Amino acid sequence: MKTEILHRKLERYINGEALPAETRQIQTWLSCTTSEQQLTAAEKMQLEQDILREIQADTAYPLFYPKKEKPWWQKITAMF
Amino acid sequence: MSRTFTSDQELIDRLLSNDTEAFEELYRRYWYSLYTYSLKKLHSSNDARQIVKSIFIELWEKRHQWPANFSVSQHLYTSVRRSVVECLNEKLENDDYTELVEKQITEGFSAEALQDARKPVQQRQSAPTASELIRQHTISHEEPKNHALNMASMKWLLQMVAAKLD
Chain A
1 MKTEILHRKL
11 ERYINGEALP
21 AETRQIQTWL
31 SCTTSEQQLT
41 AAEKMQLEQD
51 ILREIQADTA
61 YPLFYPKKEK
71 PWWQKITAMF
Chain B
81 MSRTFTSDQE
91 LIDRLLSNDT
101 EAFEELYRRY
111 WYSLYTYSLK
121 KLHSSNDARQ
131 IVKSIFIELW
141 EKRHQWPANF
151 SVSQHLYTSV
161 RRSVVECLNE
171 KLENDDYTEL
181 VEKQITEGFS
191 AEALQDARKP
201 VQQRQSAPTA
211 SELIRQHTIS
221 HEEPKNHALN
231 MASMKWLLQM
241 VAAKLD
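One line per chain: the protein sequences are A and B, in this order. Under my numbering, the first residue of the first sequence carries the number 1, and numbering increases by one thereafter. Under my numbering, the first residue of the second sequence carries the number 81, and numbering increases by one thereafter.
So here's chain A without its partners, still in its complex pose:
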């Protein structure tokens, strides 16, 4: 499919004006998960932290709602 045609279809889909066949086509594409791309455990952990830090910077929630220090007995019970 040419990109211009795809662009027009996506525009209509976003605006809720897509034809039923176009909607089916886009939804089928959205539902198809064949190719696999994986991260290593280290990359995954790093990316998880990076995105979370960006979210924290954007929302500033650690500033407004700082974490409370857990009592010592809760820290110990969490280990078991």
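Keep in mind that the hints were calculated from the coordinates and are not lab data. Model, not experiment: these values are computed from the prediction. Keep in mind that the hints are not guaranteed to be accurate.
[To be verified] Facing chain A, according to a computed beta carbon distance under 10 Å, are these residues of chain B, among others:
(1) T84
(2) T86
(3) E141
(4) N169
(5) L172
(6) K235
For each residue, glycine too, the CB sits at the ideal point set by N, CA and C.
On the provided structure of chain A, position chain B as indicated by the hints.
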């Protein structure tokens, strides 16, 4: 991370009282599924990262607006699909990306690719089975304690992706 499993609904209830730990637990539970899904669709780690970020920022900022029977997994699933479509549309508006999109994404809209997508996962010769997908994504020697949690999020993603929309 706590070893006791907390339901999504409980975490959402705690989120209403501005519990940041509940928010981070939800983030850890779902970010990777959303990220890999966006990455598969857009072939851009930067776009996938931005989508995950914006979805969770919205989840935090609108935490007091969610209805009583709010399903976080359903919301995240709907959000990621909408964000992927919007991101692809934005890329197509930019001439710099048109060639890239043509090479990597538009072939996914071909009749053969879409017919293949309609087949059950087990019948696709080139694709791994659902159980293989779950195993590949979840079993990690470095993170054995996250195994059950990852299993739950991957099962959720597979169920959601396979489900039909209303």
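Do the hints match the structure? See the list:
1. T84: This interface hint holds because 9 Å falls under the 10 Å limit.
2. T86: This hint is violated: B:T86 lies away from chain A, its Cβ roughly 13 Å from the closest one there, beyond 10 Å.
3. E141: holds, 7 Å
4. N169: holds, 4 Å
5. L172: Holds: closest Cβ of chain A sits about 4 Å from B:L172, inside 10 Å.
6. K235: violated, 14 Å
Hint compliance for this structure: hints 2, 6 are broken, all remaining hints hold.
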